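In the order they appear, the protein sequences are chains A and B. Its first residue numbered 140, the first sequence is counted upward by one per residue in our numbering. Its first residue numbered 6, the second sequence is counted upward by one per residue in our numbering.
It is worth saying that the hints were derived from the structure and are not from the lab. Quick caveat: nothing in here was measured; it's all calculated off a predicted structure. All the given hints hold, so there is nothing to weed out.
With a straight-line Cα cutoff of 25 Å, these simulated SDA-like cross-link-like pairs (lysine to any residue) come out:
#1 B:Lys430 with B:Leu600
#2 B:Lys333 with B:Cys652
#3 A:Lys149 with B:Glu217
#4 B:Lys31 with B:Lys42
#5 B:Lys363 with A:Ile153
#6 A:Lys184 with B:Thr215
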Amino acid sequence: MNLTEVIEGKEYIIDKIDTEDDELDAFLFSLGCYSGEPITVVSRKKKMCTVSIKDGRYSIDSRLAAAITVTE
Amino acid sequence: MRIALAGNPNSGKTTMFNALTGSSEKVGNWAGVTVEKKESTVKKLYCKNGETITAVDLPGAYSMSPFTSEESVTRDYIKNETPDVIINIVDATNLSRSLFFTTQLLELGIPMVIALNKADLNKKKDTKIDVALLEKKMGCPVINTVSTSADGFSELITAVIDQIEKDQTPPYTENNVDLSDIEAVKAADRKRFEFVNAVVKEVETRKVYTRERNIHDKIDNVLTNKWVGIPFFALVMFLVFQISQVWVGTPIADLLGELLGLFQEWVGGLLEGANPLLYALLVDGIIGGLIAVMGFLPLVMVMYFLIALLEDCGYMARVAVVLDPIFKKVGLSGKSVIPFVITVGCAVPGVMASRTIKNERERRATAMLAPFMPCGAKIPVISLFAGIFFNNAGWVSTVTYLAGIVLIFLCALLINGITGNSAKKSYFIIEIPEYKKPSFKGAFKSMCGRGWEYIVKAATIILLCNTAVQIMQSFTWSFTVAENANESILATIAGPFAYVLLPVVGILSWQLAAAAITGFIAKENVVGTIAVCYGITKFINMDELVLEGGASDVAAIMGLTQAAALAYLMFNLFSPPCFAAIGAMRAEMKSAKWLWGGIALQLGVGFTVGFAVYQIGTLISAGTLGAGFLPGIIAVAVMAAIITVMCITATKRVKAERAHKKAK
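Could you build all of it, start to finish, from the sequences and the hints given here?
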């Protein structure tokens with residue numbers, strides 16, 4: 140499942156990130172957002188959700204949220 | 006010696022730099038405020054051995070890896086200019102992310118000291134970091150600091166001086182990774198993060214986890230709410246304008262206006278018996294023009310103060326989140342709102358702020374559109390016209406800002422059409438900093454710094470322009486005193502441009518043309534030049550102007566109707582910005598095609614809006630069309646035709662590209 144489908148406040152492990160944009164992938168990596176790392180959706184709205192990666196908070200749009208698949 | 010400040014975005018580098026050196030570089034509570042490196046000398050009080058230390062503030066970076074372009078300034082500086090010591094500012098609240106960059110820096114073999122910043126925030130949350138252990142693990146000194154209160158700075162600089170030319174052993178080394186092989190680099194970076202994670206586990210004990218909901222989330226739930234978010238932002242901006250331009254700014258400006266008037270009278274008294282030409286040049290021209298501009302300083306300064314507060318509290322990142330869905334629809338990014346808001350103060354830093362937008366097309370479009378927000382230098386122009394022609398009505402100012410917003414949206418759609426980009430989509434990600442109480446001291450410093458810049462600008466460029474304008478309108482080409490200003494040098498130079506303005510103002514006025522042209526040097530010049538050309542400097546205190554009934558005199562001298570005045574104002578606001586802002590546009594767009602396209606768009610928009618306002622205004626007030634309608638409508642039609650052709654070509658190209666992709 141991807142980040143638009145997960146339960147808010149629950150920690151998941153990133154399975155795959157598929158943005159077809161190498162620079163963005165590299166950027167996400169430097170934030171600590173890559174497969175095998177934990178991620179939590181803190182709150183979610185229709186078009187935007189706030190995630191916690193390592194000890195940082197980021198708002199991402201639902202398009203990027205959909206590109207990040209996770210497992211429990 | 007030279008020390009470089011490097012670290013993740015929004016870790017407090019510039020706040021530390023300002024406190025260390027006494028500078029007042031722009032700070033803000035979002036990632037990516039600093040886009041260019043800054044240099045200054047560290048205050049003597051921190052340098053115990055009397056050495057002169059130059060500090061270099063670098064834009065924030067998350068990593069040294071060669072795959073992200075925005076961090077190139079920092080990467081290139083550290084690698085090529087080799088500073089004597091690096092201060093790595095680490096956000097103590099986000100150790101697990103920050104140390105990735107730290108270990109990369111340590112590998113460069115440059116002596117380094119870690120400033121464990123925001124130590125106060127950790128105390129609040131009862132997060133403990135074992136500094137001694139971290140020092141041992143990283144192999145370099147670690148000092149607890151708080152940038153906002155300059156805590157730990159003496160220890161930090163002492164540690165820096167101790168570290169010069171010392172050998173440090175990097176705690177983690179990457180063995181010969183082929184940097185051109187993305188997969189190899191990725192694998193190596195994973196290992197590095199593993200190392201960092203292990204270190205963090207040992208040195209950090211946390212009670213509050215970032216993934217848990219906190220009070221900031223509750224605030225955000227309201228402020229980024231679908232229904233509350235935008236009205237709240239509108240209210241905030243309305244208050245910024247209302248406070249700076251009505252409640253607080255205007256009373257101070259009136260007071261200053263009176264003082265400046267007294268000064269002018271005093272100089273006039275000194276020169277009573279002097280040559281009338283010299284009197285006109287000095288008292289009416291140079292000083293008068295200067296006063297005209299200086300009188301608006303309080304409005305601009307209060308505005309700077311409020312914007313600094315807004316930038317410091319952490320709200321800007323939330324606004325970007327709220328507006329992203331709307332901005333995305335017109336091909337911009339939610340982050341575009343930050344440049345737009347900063348431009349309300351000044352377009353140069355405003356345009357530069359577009360650099361945090363990753364998508365190139367969105368970034369270029371933002372840099373092109375930001376100048377449509379009327380900047381601080383345009384406040385004098387707006388106030389002057391509101392005073393002379395509209396009895397100081399508050400709606401004039403409101404209309405100009407709203408028009409700016411509407412134009413940004415319309416032109417964004419236009420850019421979409423011309424570049425044929427409506428189908429492509431981009432991702433949005435922004436770091437959400439915690440809210441913090443804005444620093445009034447910092448905002449005050451920022452206000453004074455920017456206010457001083459305004460004064461310096463008025464006393465140099467604007468004074469020079471006023472003098473040139475005064476001389477050029479006093480003499481003919483044969484350097485004899487012009488009996489009739491219409492024969493002056495200025496009149497003959499600006500004359501041809503007056504034809505361009507005919508469809509906008511309805512009269513041929515070389516004075517207005519000259520004011521618009523000098524406005525490209527600095528927008529305050531529009532006021533200065535009008536004041537000089539029409540000799541109306543005595544009326545510059547707007548309240549007096551209205552009281553004394555002088556406004557109608559001035560309006561009569563200028564010979565403009567209300568519609569024409571509003572149109573001319575709009576033309577000046579929405580035509581290309583000053584040269585400095587155009588320079589910033591060039592730097593951010595990095596494309597001659599986009600830059601010239603942008604200037605052409607701004608010229609077209611300025612003319613079209615001015616033309617429409619004048620012609621429609623005249624039709625409503627006088628029942629007929631204004632002068633110059635035919636040439637004006639032809640010009641607008643030609644522009645529309647060019648744009649239509651460009652849009653059609655772009656659509657065809659996009660279709661062809663899509664077909665090509667499908668065929669593949």
